[in-house]
Amino acid sequence: MSSMRRNEFMDWADQYLRGELSVDDRFAFEKFCLDYPEFHQIFEEHKRFISSWKENERRGLFKKSLHRESLHHQAPAKNDTAIIKIWKKLQMNAGVAAAVALISVFSTLWLTGYFTSIKKASSDYSALRREMNTVKKNVNEQNKAIQNINNGKDKIPTPIHFGATGFMLTKDGYVVTNYHVVNGADSVHLQNNKGQAFKAQIIYSDIEKDIAILHISDSTFKAAKSVPYTFKRQISDIGEDIFTIGFPRDEAVYGQGYLSSKTGYAGDTIAYQISIPVNPGNSGGPVLDNQGNIIGIISGKQKGIDGAAFAIKTKELIETLNRIPADSLKGNVVLNTKNTLSNLTRTEQIKKIQDYIYIVKVY
Amino acid sequence: MSKIRQILPKEISDLEIIAGVAKGESSAINTIYTQFFPSVARMIVNNNGSDEEAKDIFQEAVMVLYDRVTQQDFELKSKLKTFLYAVSRRLWLKQLNRKGSSTNTSDISDYEDLLHVEEDIEKHVEIESKFTQMESALEQLGEPCKTILNDFYIANLSMQEICEKFGYTNTDNVKTQKYKCLQRLKKLFFNNKN
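Protein chains in written order, with our numbering: chain A, 1 to 363; chain B, 364 to 557.
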């Protein structure tokens, strides 16, 4: 029997395992295994292999039915906190409510004419620069239009130019005016009361405060005697007498009044409200008190309200000066501290000041 | 009290379920899902898991149970619910660590393990790898070997039936073929192992 081939033995073993053998045969198989330990070992290994395979198959089936079962079950929804749950429930309602609220607010505003009044309110403020050549320009435009009817060519329209007031900060040629005056300027010229004109450069613009610092760059300009007025950093009191000199036309015009409020247009804290008759062209003019201290710079007025003009506080001017980067300055800005006006009469004060106030012409 | 008890569905004991699992009964599987899946799924979904992930984890946890039940020396030392929950929790933590997102898992990782299920999981991994090894060996075996062996050893068909099915002239040919196939399968299985 030892010469028995392996495949025959395996077949025999399989029959034994499947219980296909007769009782006699089973004994014969068991005896054969006892007699030949090497075959016994083969048999044991085979039995283990087959049984673990069978186990595997059962395991696979179990896994499959597990998977099938899992398809019928759903994981519960994520456990949200109470607030999120409420929000999820109500977000649709909230959205609709918000939309209704918005629509009703805006339609009510529209019906009551709120938007038109906003437009009005925002245009109450008018900056006081003077358009110098409007009439001339209009006439020129018309002439040109008439000329161009025939040759059909359009020419670049002459730019408008503006006039306003500016005054000297230091004797070496620093001048202050409003930013809105020089905004978009090609060139800025300053003309004094003797009729001399100097070219000026914009050194620094403070858009928020509506302040522009200029420097006279012309070689014909000679350093003046030190400025007669001083700058008052403290807030002035309501009711103080004040005056200004400006150029609403080509001659200097004196204006007198009082400080009427410590805040400017719409509660603006950087400006005073003053009661001085001012007109386009007064922008950038100095506001002085009785002792000849500069307390502000005229910047604008409110339309439709009598005697409501506004002046930017000197304190803001000084803050702006401090913010100018050193490299854009041509030497330090040192403000005059010696007031030579305090004991003079008004007319004498004006005479002294006049030389330091310029028409600002912007092209 | 007695009335309420009548209304309530009859509770199936853990032992019954385990016996069902060992036999691979689908009713046992159904019971496991209806009774234990919701709490496990809630735990996973509340810890950055999706519905799919919850199902996969639970399925694996049941497989851990199966592998344990089918071992000889089985004795459940805790409630079945606790066991499945603990295993799922461990598996999910492992998966989260693999994904590298350790954030927002504080509520499940901070507590001590309810049960020490690590050994059971290791055993399961071992069995699972043997399982896939066998699967891949069978896959590589190819036809007709795979079907012949399957018909003979798993489906318990007789030699005669297989002979007719495959159109062999006599059963001796089938026997030779079967022997060759089995040798190849064993070779594939044991070679893959190493």
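Derived from the structure by calculation, the hints contain no laboratory data.
You may find that some hints are simply not true.
Stated by the list, open to error - Here are the simulated DSSO-like cross-link-like pairs (lysine-lysine), alpha carbons at most 30 Å apart as the crow flies:
#1 B:LYS386 with A:LYS64
#2 A:LYS47 with B:LYS386
#3 A:LYS171 with B:LYS457
Structure-based check of each hint:
1. B:LYS386 with A:LYS64: holds (14 Å)
2. A:LYS47 with B:LYS386: The hint holds at about 21 Å.
3. A:LYS171 with B:LYS457: violated (81 Å)
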